[in-house]
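**Q** Residue numbers (UniProt numbering), protein chains in the order written: chain C, 1 to 239; chain H, 1 to 239.
Do not take every clue at face value.
Treat identical chains as interchangeable: a pair holds within one or across any two.
Claimed, not checked - Derived lysine-lysine pairs resembling DSSO-like cross-links, with alpha carbons at most 27 Å apart: (1) Lys132 to Lys60; (2) Lys99 to Lys67; (3) Lys132 to Lys229; (4) Lys163 to Lys229; (5) Lys60 to Lys163.
Just so you know, the hints here were simulated from the structure itself, not pulled from any lab data.
There are 2 protein chains.
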Amino acid sequence: MTTIYQHGTLAQLVARQMSGTITVAEMLEHGDTGIGTFEGLDGEGIFLNGEAYQADSSGKVHHITDKQTTLPFASIHFDQPEVSQKLPFRQVNYSELTKSLQDKQLFNVFSALKVHGEFSHVHVRIVARQEKPYPSLLQVAEQQPEFEAENIIGTLVGYYAPKVFGGPTAAGWHLHFLSDDLAFAGHVLDFNATDVDGTIQIFDNFLQHLPINNEDFRSMNQDITDLDKAIEASEGGKN
Amino acid sequence: MTTIYQHGTLAQLVARQMSGTITVAEMLEHGDTGIGTFEGLDGEGIFLNGEAYQADSSGKVHHITDKQTTLPFASIHFDQPEVSQKLPFRQVNYSELTKSLQDKQLFNVFSALKVHGEFSHVHVRIVARQEKPYPSLLQVAEQQPEFEAENIIGTLVGYYAPKVFGGPTAAGWHLHFLSDDLAFAGHVLDFNATDVDGTIQIFDNFLQHLPINNEDFRSMNQDITDLDKAIEASEGGKN
């Protein structure tokens, strides 16, 4: 059995619930590889080899050594290359990756992608820290700094979720990038991988953990009308 | 930590995936109380005290002793009255139950309801077994037999799911009923409880298990347009 552990929902960020409700330490009990965001949407998070990294909206990357740092929304799993499918190509871009799903019948299951190597181009955005009272994710999405890198070595990591799970999480691909030299990272809008090794790991289980003891979460007004549009505007890559 | 374990999705039934992909024995490893349906939508399932029961579309109720009987969609949890909230009333109907949620801030979390005692009225429907090639849940829903009982002693059991999880599961309440004498059961459309004890158990975790080794599931065309409407037509109670 393989499991993605997710704390919080993407939809709750649309409903302004951005307080940190789980620690990095707690997330790492459930995996060593994943993605997320920090309290107040403070940048893009990457879990890799059991360590946590944060890209802030100035473009800087931090190794998170304070394991009590909190997150409102994050997903993690134990990377198991021995039960994963190897990517059958060393070159791939975002559109090609999405198309290749259809043939492999991956579109109805949760999977994780982990790709390491040389990228000729990576285009990311990094969400900026918000203060209380928190705005909606949709408002935040309108003003996210974007960054690009050429010929960079690093790791692409993230998840594919079936369409029907859009709301609890991002439907389609949701990928983050971290360069080996820790100088560049973010939420991936586009990429072109030129010489990479990669794996796709399929999951039996999607374990949704909710911050049920958080009062703001319990009382939030989760309006699901136009939720898909709000998520697409804020999370959309080349799906 | 308390967990609802769900195998399969409600949405997959709309997408005609009704083959049994988990056994009663496997479900009972993850709980003793819950609801579901059997292969080919063969009736309404109730798990109670670690036993499985089936109401077939003739209205008959069977105690499922063959633990290899399979289900395409089912949810289960371990009933823990010691960590549950007692219902503050001995009388309640479906509409009142739904309204009482708002005050208790239960609408953003998963919870289970278990109510035992006397009901002055219970109105159920029971889905009928389908043959391959399976139709959509929506087509099946148009011709479901309904049954009513008056002054009956039994157990109401089922779940509340936050709206944003509509699709993977039924948003709002999804309740089944089983009479103590095993003569009456089904998917609850309406009820009026007149002298009952009940508990609401809130969950930290919603564990979604998918039949990832089933070829039909892997290749199904899960059209999410109008999914909400299809589910409302087929599953709607007094939410």
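**Q** Against each hint, give a clear statement of whether it holds in the structure.
**A** Okay, the hints, checked on the actual structure:
no.: 1; hint: Lys132 to Lys60; in the structure: within (23 Å within a copy, 56 Å between copies)
no.: 2; hint: Lys99 to Lys67; in the structure: neither (38 Å within a copy, 41 Å between copies)
no.: 3; hint: Lys132 to Lys229; in the structure: within (24 Å within a copy, 36 Å between copies)
no.: 4; hint: Lys163 to Lys229; in the structure: both (13 Å within a copy, 16 Å between copies)
no.: 5; hint: Lys60 to Lys163; in the structure: neither (32 Å within a copy, 37 Å between copies)
The structure is inconsistent with the numbered hints 2, 5, although it conforms to all the rest.
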